[in-house]
Every structure is written in structure tokens, then in C-alpha cells.
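Novice: Chains Z and S, in that order, are what the protein sequence lines are.
Everything in the first sequence is counted per the numbering used here, starting at 1 for the first residue and increasing by one.
Everything in the second sequence is counted per the numbering used here, starting at 415 for the first residue and increasing by one.
Derived from the structure by calculation, the hints contain no laboratory data.
Given the structure is predicted, the values throughout are model-derived calculations rather than measurements.
Careful: at least some of the hints might be erroneous.
DMTMM-like mimics (lysine to aspartate or glutamate), calculated; alpha carbons at most 25 Å apart, straight line [unchecked claim]:
1) Z:Lys405 x S:Asp667
2) S:Lys629 x S:Asp615
3) Z:Lys405 x S:Asp610
What follows is each chain in one-letter form.
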Amino acid sequence: MEHSIIFWPVVLWMIAWGVVGSVVTPRVFLRRDMDISNASLAGAFVGAASGPFGLAPLWYLAPKSTRGWVLLSAAGALAILIAAFALADPDNVCVTNGSLVASQVANGLVMGTIYALMAMGLTLIFSILRVVNFAHGEFYMVGGMSVYYVSAVWLPEMPPAAAVLVACGITFVIGGAFERLFLTPMYDGRVERPIEYAVLVTFGLVFFLQYFVQALAGASPVKAQRFFDFPIIRLPSAEDPWLIKTSKANLQLFDTVSVSNPRFTAAVISVLVLLGLLFFLYRTWWGKALRAVSQDRQAAAVAGIDPNKMNMLAFALGGMLAGLSGAVLVQAFSWVPQVGMLPALRSFVIVVLGGLGSLPGAFIGGIIVGMVEAAGTGCIPDPQRAASYIPAYGMLILTLTLLLKPTGLFGRRE
Amino acid sequence: MRRHIPATACGIGLVFLAAFPLVYGASDYDYIMHLWITAFFYAILASSWSLLAGYAGQFSFGHMAFMALGAYTTGLFNNYFYLTSAATGTCFEIPLGSWYFVVLDPIGVSASPYSCLDAARDAWTVDVTITKPSLWFGILFGILVGGLFGWLIGRLVLRLRAAYLALFTLGFSEILRAILSAEIGVTRGQAGLELDPLFPDGVSILGASFDATDKLPTYYVMFALLLACIALMMRLERSRFGLFVRSLREDEDAAAALGVHTVRYKLYTFVVTSMIAAAAGAVQAHYIGIITPNILIILQMALVVAMAVVGGLESIVAAAVGGVVVYFLLEFLRNDFTIGAVSIDMTIWRLVFFGAIVMLTLRFQRNGLLYAFIMWCTRAGVAQETVAKRAAAQQPPGKE
Chain Z
1 MEHSIIFWPV
11 VLWMIAWGVV
21 GSVVTPRVFL
31 RRDMDISNAS
41 LAGAFVGAAS
51 GPFGLAPLWY
61 LAPKSTRGWV
71 LLSAAGALAI
81 LIAAFALADP
91 DNVCVTNGSL
101 VASQVANGLV
111 MGTIYALMAM
121 GLTLIFSILR
131 VVNFAHGEFY
141 MVGGMSVYYV
151 SAVWLPEMPP
161 AAAVLVACGI
171 TFVIGGAFER
181 LFLTPMYDGR
191 VERPIEYAVL
201 VTFGLVFFLQ
211 YFVQALAGAS
221 PVKAQRFFDF
231 PIIRLPSAED
241 PWLIKTSKAN
251 LQLFDTVSVS
261 NPRFTAAVIS
271 VLVLLGLLFF
281 LYRTWWGKAL
291 RAVSQDRQAA
301 AVAGIDPNKM
311 NMLAFALGGM
321 LAGLSGAVLV
331 QAFSWVPQVG
341 MLPALRSFVI
351 VVLGGLGSLP
361 GAFIGGIIVG
371 MVEAAGTGCI
381 PDPQRAASYI
391 PAYGMLILTL
401 TLLLKPTGLF
411 GRRE
Chain S
415 MRRHIPATAC
425 GIGLVFLAAF
435 PLVYGASDYD
445 YIMHLWITAF
455 FYAILASSWS
465 LLAGYAGQFS
475 FGHMAFMALG
485 AYTTGLFNNY
495 FYLTSAATGT
505 CFEIPLGSWY
515 FVVLDPIGVS
525 ASPYSCLDAA
535 RDAWTVDVTI
545 TKPSLWFGIL
555 FGILVGGLFG
565 WLIGRLVLRL
575 RAAYLALFTL
585 GFSEILRAIL
595 SAEIGVTRGQ
605 AGLELDPLFP
615 DGVSILGASF
625 DATDKLPTYY
635 VMFALLLACI
645 ALMMRLERSR
655 FGLFVRSLRE
665 DEDAAAALGV
675 HTVRYKLYTF
685 VVTSMIAAAA
695 GAVQAHYIGI
705 ITPNILIILQ
715 MALVVAMAVV
725 GGLESIVAAA
735 VGGVVVYFLL
745 EFLRNDFTIG
755 AVSIDMTIWR
765 LVFFGAIVML
775 TLRFQRNGLL
785 YAFIMWCTRA
795 GVAQETVAKR
805 AAAQQPPGKE
């Protein structure tokens with residue numbers, strides 16, 4: 001970075017006033033006998049965006065609803081950060097090269113959609129069972145491994161779509177069986193502290209599944225063939241394809257945005273599955289029953305829904321969604337039995353950011369995390385260091401969310 | 415009779431472990447000693463985690479991060495701090511009487527590091543003594559840093575419960591790992607930070623001298639550390655502290671309503687357990703001689719959790735013994751075995767069985783295998799006694 005003298009003081013200034021805002025604002029609100037559930041979040045953002053100039057009116061006015069303040073100052077803080085970065089590092093590729101930025105944004109959106117799919121499985125499980133499935137990444141890994149083994153090793157003739165279905169089936173069965181075998185004692189009070197029990201037993205499942213797959217498949221990386229080749233399209237004309245230009249493995253829009261084939265396929269499948277999931281949850285009896293149980297367990301039971309059955313369905317379905325996102329990504333990344341760790345951590349981040357148990361929250365959170373990772377890997381100078389910090393970006397979001405607003409963006413208060 | 419089994423077994427075990435390095439003489443002496451030292455290391459971690467999770471109900475997955483903080487603090491201390499008898503002029507230095515306390519500049523991972531001290535060494539014309547401060551200061555420093563971060567993390571997670579707490583601490587651990595592996599200039603990242611052995615100049619005990627690579631002194635250091643940690647934790651457990659902490663686990667609000675200072679006791683627990691973890695990490699780092707960010711991957715944490723679960727989450731001694739037993743099982747299950755035509759490569763499958771054992775223990779014997787046995791022993795005859803007492807009480811007086 002060329003003029004880091006600009007960037008770091010700005011960041012420090014923002015952090016300092018953010019801390020001041022998040023600590024002092026709840027006290028000010030409390031003194032005025034007001035709701036403080038959003039106070040530290042509002043204080044942190046207003047402090048970061050405008051320092052004392054915003055905090056003073058916030059404390060003086062003490063508005064009942066801080067939503068507008070939060071949104072405005074979040075945008076302001078982001079703008080200040082970007083401006084400081086651009087001033088500090090004028091030669092950075094993200095500042096000079098607009099098409100790279102467009103590509104990064106497109107890739108962030110594409111990856112965000114796939115992340116959202118996986119996180120939705122986690123949040124679905126949480127909304128029904130109140131359990132955080134620590135083995136979510138292992139379902140992802142099993143999904144990808146099954147696609148590779150079915151389509152490349154056992155049945156090379158099999159079309160990839162069928163292999164994806166097989167992967168869904170396998171992860172669905174594993175999820176359902178695990179729930180029946182290990183989580184049932186939670187429901188009837190046989191376990192003193194059910195949440196902690198679930199945390200530990202899913203942690204055990206991580207160990208088991210990871211090494212089980214390693215024992216069967218070995219530790220060397222595998223990669224599936226890409227599912228489809230793009231047809232060659234040149235629009236509007238073959239000589240000057242400024243609108244769309246495809247090759248077998250790549251898609252280019254407007255001469256700037258380029259998305260690789262495996263990611264594009266994965267994102268399209270993810271969007272289709274998301275739509276299917278929404279249809280299932282809102283238009284079918286089983287989906288409505290699931291949502292009913294997540295809203296009020298006892299009332300649902302009174303209305304004739306068996307909550308235990310819904311527990312099993314939710315866990316199986318959640319595992320299947322993770323398996324599916326693994327299944328569509330195995331053509332984009334190489335696969336080892338340990339591959340699930342990062343996506344699992346990312347899913348935790350997404351669901352906490354969006355609010356544990358909230359489906360729209362998982363989707364928005366997925367997009368946000370996808371964008372942050374794209375910006376973090378693409379723009380930070382010193383690429384090796386940037387790559388090492390990939391897990392930390394998400395964890396930073398997680399930490400901030402838990403400290404400032406533990407219920408997340410769309411979470412319900414428990 | 416059954417009631418005395420656990421205490422007797424503990425006594426025999428202690429005598430056995432204290433005498434073991436002196437009487438064992440087989441050719442695999444070094445290997446077995448290494449196993450014991452590492453087993454003690456895991457036992458310390460598992461038992462302190464059981465205090466944090468089993469007693470206080472704080473299911474933290476950041477325990478290995480505190481261990482790594484201890485290890486890296488002492489590692490950096492060992493690598494960057496020197497004492498010289500003359501000013502270097504090139505490094506950052508603080509005069510201390512006739513000595514200079516020198517802090518090196520970050521060396522990075524270059525093949526032939528040339529630090530500011532090397533530059534000074536080339537420039538000096540007179541004889542200058544260069545020594546390192548005793549590494550025990552580094553270990554002490556590591557313990558303090560572990561405690562400080564334990565306090566900080568404990569402070570941050572006060573409001574978080576159950577799953578949120580687990581996620582937050584996991585996040586802390588991952589961020590620390592990312593920092594350790596990314597700041598290559600200081601920590602050398604995946605290349606690993608090298609440390610001096612625990613007794614760099616050897617040591618002589620009762621006339622017998624041992625050099626730096628002998629395992630016997632380290633064995634006793636680690637063993638003493640384990641005993642000290644367990645003694646400390648048992649003392650805490652038997653005091654009001656233990657009672658308060660258990661009340662936190664059962665119902666935090668009720669405990670607060672009854673006058674337990676919940677914030678203070680939660681913080682105490684975090685600080686004590688992270689200091690213990692940091693101590694274990696610091697000593698183990700000097701014993702192994704090299705540390706990498708991989709010491710705090712999630713599977714290491716899973717191993718410690720599994721040890722505590724198999725031993726018994728709600729008993730410190732059971733968790734420690736569980737750590738030793740599980741570690742030895744994992745080590746001895748490395749041998750392949752053949753049933754008929756099927757030959758099983760145990761180096762991989764042992765971990766599969768192990769994961770299954772953890773899940774099954776949780777499912778069917780939640781308090782751990784060992785703890786169940788201890789309970790079975792100590793509660794022998796309690797039922798008969800109660801029945802006898804009740805019968806005596808029901809005998810209406812003066813009926814005859």
C-alpha cells in the first residue's frame with residue numbers, strides 16, 4: 001500500500017468511535033428508560049461513520065426507532081472505508097481496473113448464492129430443532145464426494161444431473177438417520193442440557209464422517225468434470241461480441257464481467273433449488289407443517305402435526321441442502337475429506353449474520369459474505385497474506401454480529 | 415470394598431507414573447516417554463476443558479487457542495529477546511544495568527536469516543556475551559498472556575449462551591490461526607517457529623546428568639504440571655467456587671437471584687482454565703521444539719473434547735485419565751490387523767472408530783465411561799444403607 005498513512009488512521013478512528021458508540025449508547029438509552037436492544041448496533045455504526053458529530057445528536061435526540069440511522073451510517077461507514085482505501089492505494093487493481101471490480105462483484109454474487117443455499121440448510125435445522133449442526137461442512141463434503149464417485153468412478157455413463165440427485169439422496173439419508181439415532185433423546189428431557197449435548201454429538205459426527213470418507217476415498221484431492229459445456233454464443237455479432245461471448249468454459253458479459261462455467265452452473269442450480277425450496281416451504285403441506293413447528297411447536301402438535309417427524313425431516317433436508325451445494329461445487333474446486341471446514345465456518349457466519357433460524361436472513365447473509373470475500377481476496381495487496389486471512393474475514397463479521405446484535409439481521413428474539 | 419477402588423487406583427497410578435521413567439528400560443524407552451509426555455499434555459487440556467464445559471457449562475471451542483497463545487508467546491519470547499553485554503546500535507534495546515535487553519527485528523522465513531543482532535555481531539570488535547533470558551520467564555509470560563486473553567474472551571461472551579458461545583469461541587480460534595499463519599514475518603507461519611528445548615544446557619538431578627534431548631526431565635516437568643493443575647482445580651471444585659460455578663451451569667438466572675456474582679465467577683473460570691491451557695501449551699512447545707499454526711486446527715480441539723467426553727465431562731480427574739487413555743489407544747491402534755482375507759489399515763480407521771465411540775458415549779453414557787465406573791464404585795452400598803436407615807426410622811418406637 002502506497003499511502004498507508006491515510007488508511008490506517010482512518011480505520012483506527014472509525015474503530016475507536018465505533019467502540020465508544022457501542023459502549024455508551026446503551027447507557028444513554030437506558031438512562032432515558034428506552035429499549036436498548038438495538039442501541040449498541042446503532043451506536044457502533046453511527047460512531048464509525050461520523051464520529052462525535054453523529055453520536056452527539058444520537059444521544060441528544062435518542063430516537064425511538066434507530067433503523068434509519070443504522071442504514072444511513074452503515075452506508076456512510078462503507079463509503080468512507082472505500083474512499084480511504086482508494087486514496088491510500090491509488091494503483092490498486094480494484095481502484096484502477098473497473099472491469100475487474102465488475103467481475104469480482106459478479107463472482108461475489110454467484111458464490112454468495114451458493115453459500116446462501118448451504119446456510120439455508122443450517123438455519124432450517126436451527127429453526128426446527130434449536131440445534132447448530134457443527135457437522136454441516138461434512139454433509140457438504142459427502143455431497144461432493146458422492147457426485148465424484150458416482151459420475152467419475154462407479155458409473156461413468158451417468159449424466160451429472162442424476163449424480164447430483166444421488167448425492168442429495170445420500171446426504172438426506174445420512175441426515176435423517178443421524179437425527180433418529182442420536183438426537184431423539186433431546187426431545188423428551190432425557191438429556192439435561194440438550195443444546196450442549198447436540199453441539200457435542202454433531203462435533204463427534206464431524207470426526208466420524210471426515211475420517212470415514214478419508215478411509216474410503218483416501219486423502220488425495222479429486223475433482224469432477226464440469227457438468228455442461230457452454231454452447232458457443234456470440235452476440236450481437238461474431239466479430240464484435242460485446243454483449244455475450246461464451247467459450248466452453250467461460251462466459252463473458254459486456255466485455256468485462258467473466259464467470260467460469262462451473263461457478264455459473266452451480267449458481268443456476270442453486271437458484272433453481274432455492275425457488276424449489278421456497279415452493280416446498282410455502283405451498284406444500286409438509287413445508288407449511290415445518291414452518292408451523294418452527295413458529296410454535298405445541299400449537300403445531302395440537303393441530304395434528306407430529307413435531308418429531310418434522311425434526312427428522314428438517315435435519316435430513318438441511319443436510320441435503322449442504323450436500324447439494326457440495327455436489328454442485330465439486331466441479332469447481334478440488335475435493336479432499338477436509339474440504340468441509342471452511343464452508344461450514346462460512347455457513348455459521350452467514351446464519352448468525354442473518355439471524356439464526358431466519359431463511360431470508362440466510363439468503364441476504366450469504367450474498368453479503370460472498371461480496372466481502374470477493375472484495376477481501378481481490379483487492380487486498382499482498383495476495384498470499386490475503387488468502388491466509390480468508391477464514392478471518394467471515395469470523396470478523398461473526399464476532400461483530402455476536403457482540404453488537406446477537407439476534408442478527410432478521411432474527412427473532414428468543 | 416468397591417468404594418475404595420477409585421482412590422486405590424489413583425494412588426497406584428501415581429506411584430507407577432512417578433517411578434516409571436526410572437524403572438522402565440526397554441529399547442523403545444524414548445518413544446514410550448514421548449507418549450507419556452504428550453498424554454500428560456492432552457490430559458491437562460482435557461481436564462481444564464472439563465472444568466470450563468462440564469462444571470461451568472461454557473462450551474468453548476477456543477481452548478486450543480489459549481494453548482496456542484501460551485505456546486506462541488513463549489516461542490516469540492524465545493526467538494526475539496536477547497541479553498547482550500554491549501549495545502548493538504542496530505536493534506531496539508533497553509539498557510538494564512550493565513546488560514542490554516535486545517529485541518530482534520522480524521526475521522521472516524528466509525533461508526539464511528540475517529537479523530539486526532547478526533549485523534551487530536559482525537560490527538563488534540570486542541568480545542560481547544550474548545545470552546537469552548531464561549525460557550521460564552517466557553513460559554510464565556505465556557501463562558499470563560493466556561490468562562489475559564481468557565479474561566478478554568470471557569468478558570466478551572458473558573451474554574452469549576450455548577450454541578452462540580460455541581460459535582464465537584470457534585471464531586476466535588480461527589481468527590488466531592489465520593493471524594498466526596498470515597503474519598509470516600513474525601511467526602514464520604506454516605514454516606514453524608523453532609524453540610529451544612526445555613533445558614538447553616542439560617540438567618543434573620541428584621548427581622545424574624541429562625542433556626537437552628533426554629526425555630526424563632521433561633517427563634517430570636509435565637507430570638508435575640499435570641498434578642499441580644489437577645490439584646488446583648480440585649481445590650477450586652471443592653470450595654465455594656465449585657458450588658457457584660455449578661449453579662451457573664444449572665440455571666444462571668436463579669444463581670444470580672440467589673446472590674452468586676455470575677459475571678465474576680464466569681470470568682474466574684475462563685481465566686483459570688485458559689491459564690492452565692496456556693501453561694500446557696508453553697511447556698509442550700519447548701518440548702516439541704517447533705510450533706506451527708496447525709496446533710489449533712479444529713480437529714485438535716475435537717480430540718480434546720473427545721477425551722473429556724470419553725473420560726467424563728463432569729469430573730476433572732476422569733477427564734484427565736480419559737485424555738491419557740484415549741491418547742494411548744489412538745497410538746496403539748496404529749497397528750494393522752487382518753481378519754481372514756480382509757486386512758484393515760488401522761492408521762485411518764482408528765479415527766473412524768474413535769468418532770463413533772465419542773458419539774455412542776454421548777448417546778448412551780453421557781457422563782463418560784470412566785465417570786460412570788467411578789460412580790458405580792463410590793455409590794456401592796448406598797442403596798442398602800438408605801433402605802436400612804429407612805427401615806430403622808419406620809420402626810415405631812416403644813411398640814414392643
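Novice: So if I understand the rule, the pair passes when the alpha-carbon distance is 25 Å or less; does lysine 405 (chain Z) with aspartate 610 (chain S) pass?
Specialist: violated (45 Å)
Novice: For the pair supplied as a hint, lysine 629 (chain S) and aspartate 615 (chain S), is the alpha-carbon distance within the 25 Å limit?
Specialist: Holds, because 14 Å separates the two Cα atoms, which is no more than 25 Å.
Novice: Need the status of pair lysine 405 (chain Z), aspartate 667 (chain S): alpha-carbon distance at most 25 Å?
Specialist: At roughly 21 Å apart (the allowed maximum being 25 Å), aspartate 667 (chain S) and lysine 405 (chain Z) satisfy the hint.
When held up to the earlier numbered hints, the structure conflicts with hint 3 and nothing else.
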